[in-house]
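Residue numbers (this note's numbering), protein chains in the order written: chain A, 1 to 554; chain B, 555 to 747.
Note that these hints are calculated values from the structure, not bench results.
No false leads were mixed into what you were given.
Here are the simulated lysine to any residue pairs, SDA-like style, with alpha carbons at most 20 Å apart:
#, chain 1, residue 1, chain 2, residue 2
1, B, LYS694, B, LEU646
2, A, LYS288, B, GLN619
3, B, LYS675, B, LEU652
4, A, LYS521, A, ASN426
5, A, LYS397, A, ARG366
6, A, LYS294, B, GLN619
Remember, predicted model here, so these are calculated numbers, not experimental data.
These are the residues of each chain, in order.
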Amino acid sequence: MKLTGSQIFVEVLVEQGVDTIFGYPGGAVLNLYDELYRNSDRVRHILTAHEQGASHAADGYARATGRTGVVLATSGPGATNLVTGIATAYMDSVPMVAFTGNVPTTQLGRDSFQEAYIEGITMPITKHNFTVRHVEDLADTMRAAFRIAQSGRKGPVLVDIPKDVTAAVCEFENKAPELIRTVTAYDEEQVRQAAKLINEAQRPVVYFGGGVRSAAGCQPLRDLVYKADMPATYTLMGTGVLDYGDPHNLGLIGMHGCYTANKAVSEADLVVAVGTRFSDRVALNPDKFAAKAKIIQIDIDPSELGKNVAVDLSLVGDAAYILQAILPHLEQRYHMRWMEQIEQWQRNDYKPKDSDTELKPHQIIREICEQAGPEAVYVTDVGQHQMWAAQYLHHTKSRGFITSGGLGTMGFGYGAAIGAQVALGNDQRVVMLTGDGSFHMNLNEGCTAVSYDLPIITVIFNNQVLGMVRQWQTSFYGKRYSNTDPHRKTDFVKLAEAFGAKGYRAETPEQFKAVFAEAMKNPGPSWIDCRIGKDERVLPMIPGGGDINDIIMK
Amino acid sequence: MDQQQNRPAAQRRVISLLVDNQNGVLARVSSLFCRRGFNIDSLTVSATNDPTISRITVTFGGDEQALNQLLLQTERLECTRQVFELDQNNSLMRELLLLKISCDSSNRTELREIASIYKAKIIDLSPDSMVLELTGKPEKIDAFLTMFDGYEILELCRTGVTALERGGKHPHMQKPPQEIRAVQLPFQQKCVK
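So that you can see chain B by itself, here it is in the shape it has in the complex (with noise of 0.2 Å):
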């Protein structure tokens, strides 16, 4: 993750993954990335309406064979069910962020005044901080936190992105995993030298 900025900009994707609700399974998921050096952004993972199944999302910055190692690699893993990139144009991506900023009177008009713009809650108010929830795209927190370059961040925390497609049920989940190779491997069918 800290190597990122060393690299080219990759292209940001989203990885969807659906796995076996296992004790071991994010161990067994995030050790993999590592020993392939595959560059995560982020990684969350969330119960789904299986209870038998969890959802784990990762924000993956790479190129299509990168990309196409990490889909390959993460299906030989016996825990994994489902994994297919989403469709950056047609998804839903919200990441939480929790800000714990340092303010006195002097200055709590002017936080009001930001969080109000974004839509930001004030969930809590001491004396002298004020901790700020926001819910939104990671582009829309990325711009709310330069916001804040004039102040003392005290703690900061951000959930990591969370997504779904548009529409109805996920074409990947009503099929099995071989036809999705099919169609994530455009490269099987045409000379990519």
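So here's chain A without its partners, still in its complex pose (with noise of 0.2 Å):
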């Protein structure tokens, strides 16, 4: 069958299953949207107002289903446009797949219009890259694109496409997708002696991350923490895998970390590892951490173990798996007192004080949580809100909670809100939540809310400030606040209702529990507007590079 590099490109992705792709037309990519056009029965294409909201969004529909998320751009501003979208998957493991239009392969090099070296600029942020020369090449470089994305440590593959080779005309056949191949370098020796020293352990503690939701992995991890007795903490990208009130779930580690968490961690002469890399923002000092500890080590990536923090014994592999490998060998064990001495931490954990007449950020999410309950899809920006999400949401849904933990991208959260209520349907209940600063970055994207009538409840914590970068001035910097006071006078309600949307204010909890129950009964997307004070900080903190005994709790 002879096809057209256009009608080999939507074969190609109907063949690898894919039904959704985000993206923005433009120049180089015109005959791949004409062929868009004829086949929109079987690829749902989803405009967005920026490619880099595109980019986010197929973000968030990979985060919230686990399968490949896929964009379009067309070349030169519409590539270097997804740059960011790119890197933010690329930090936090997300399976990716970009597609990029460009110049004519005989335009190539002559910095012709709209010609950006795409390839070379994402080089460091992609698994892998392609330029595709020639068409007879096109098919086999898509299906590898997406066998990388998907293969081992997952991340975003870049395929750029110039322009003639869309045009072309080559032979074609269809292929079933390939397997993925998990690559496992563990042995029974290694199994056995990490059952053994979990067996051995008194104090011992899971410490883990989003490698756990990537491998699907939360039941062998919840079975572990039973069976071994054994109380786990968690990275911002491994939130939601316990349940909350659980004496086993120690909340949060790192920098805005509960004490309890950090200090098990110190204290415990076992930790186990799983799916997490020892960012600085949970190993703060690398040489400090889990000083007292042995450490187990699992990841997919072999080139995390003992990157950051040297570790003992070191299982490369699926991280569910390896759980299931070990938990045969492991004897039911009761940590008593152990137990007690975490309870006696989280008795005197830090806790936030409620009002009655103020919004304060815990009571906001605890209403949404309410409201919305655990198994809605949380999506987050970047900043304080961000943190008081990971510390206060008590959601249990797997893969429901989508923020970026690695590149710490402002502006993420909408386009990945939008990525993330295409893919789950609008049955599903998506609540965003962002800070009025991360915000402004991209709320261009309300338009595409609107016109695909997205039901995404947007909460905006406006403290009128940058507050994170504020709240390290305040402690850092002398209170001497460089631009994080922009008086902005944006009026969000109305910016809701000029795009289209609803939007809603509260300046008190009562308020809030009313427009926010408003907010769930309307069809289409809403932003809720909700004043909060600008000296609110993130509790507890550890400053970059300290310890449990540099916490501040006050």
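Got two chains here, separate frames each, mind docking them using the hints?
Take a look at the structure:
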């Protein structure tokens, strides 16, 4: 069967099981868009306001479903606008394939109109990238891109397609998608050693991250926690795996983690690290991290082993497989004294104070949880609200917390929420938590949510300042508030209405309760402007490079 | 590369990297080294007996931890087929030097003498300059160059190290990457703290 490059593009998307892509048209991708027009019943295209929004939407789609997110942009500025989105996905190991158009192969390298060397630009922020110079290579290159994005440690792949390749014709044959291989390099001996260390430990702690969710390893992790009577703490990317109120759930670890979690790791005699990379926001001081403990590290990416913190035993492979291999070797344990000690720390841990008159961040989040429920998908932007969300959201849905962890991309949230809502359908409740700073970055996607009738509820933690940076200026820069108090006069209620969404404002807990209930009934997007104090801080906090002794609790 | 002098002397290691022979591969490898801050002394790219594969030979100064990171990070690249450290005691390392030196009839004889002791070839001679060619271990080339302290060096070019281990086909080229990793990562098994 002879097909054009554009037809092949659509055929391979369908072959790979892609039903939705996010993107923005332009000169270099006109042929591809013409073919998408003809195939709109096979591949749904979501048009965003900006390519960055499309890249975050593809990311949000992937995070919400585990499937590969797909984004399409034109050459030059279209391609460069994807960069932040691709880097965000790369840092959080999210499977994504980005397609960019480019000028015809004869024009490449001549500084042609809307030409950018996107392969070079994205080399360090993709797992791999390709420029397709011949139409004969297009199908297999696209297939390779989907395979690479999902294999091993997942991540983004970019495929750059010059315009003449999309018009050229060649023979095409459908192929079944390749099986994804998981690299495993652990052996029985290592599994037995790990089990022995866990069985012998007196003060064990599990410390896990996003790798558990990627590997669909939530249940084996819970089994480990209960069988070894082993409390667990998690990174930002690992929230929502353990039930809240369970004494084994120590809460978030790291810079804005709770006292108990950080203390437990510093006092533990064994730390089992699963799908996590000892980043500088967790192992704030790598020399002092879990200094009294032996460390077992389980990760799918061998380059993470001992990268930041030296470990005693490491197992390479899929977290779910490895945990399942370890479980039969474990004996049922009860660490009464250790759990009592932890309970004591928990009693004295930081607890925010409620207010009846003022809106407090933790109360807003508590109200959201009560109304939207633990099965809602929560999306955040980046900043103080993100940390509050990680600390206080009581959600239990796997893939129910979507946030930019590694890159910390302000402006990530709205695009990601659109991706999640599109992926899961309008019956799924999606709540986006943002700050006025983050939201100002990419609120242009409000028009997208309106165009596609997406019932995303956006809760804006509006303190009128750039809160997280301001908090650092308060603590470490003598309250010299350089460029964190922009005196913006944005009226989010009117702005929402201007976009065609519903806008609400809340200044007291009571008002918030009422307007959130209203928003829950709204079939389209809603924005809720919540006025909070500009001096609200995220606590506890351990300054960068510090340890549990440096924790700031008030 | 230029920071080498400021750092404590680390062991010099030679790494052999077999990569897909495609355009952009060198950019991928060097971009990775740059981004991760690996301390590279030299890097050579060459063809192999297999037209689909190129061999990159890297000399690198660093400790065990840095070496492991370099091997594992390089292995993550899609274009990498094999990457392994060469056993220094059992390897053949060679480098080529071209040296253009200012000379005239007054000192030509002494230069010829140095060249003949080191078995360097004179490959070009003009009334006021001479080009010498020398192949050998990097140390030999270093020693050779110290002989020219009193002369005016016009231009100098070294290829960087290219290396092979002695004996039959390298064991790492006969195994899948995972098994090599087990060999390269002894810390997987023992306590390092």
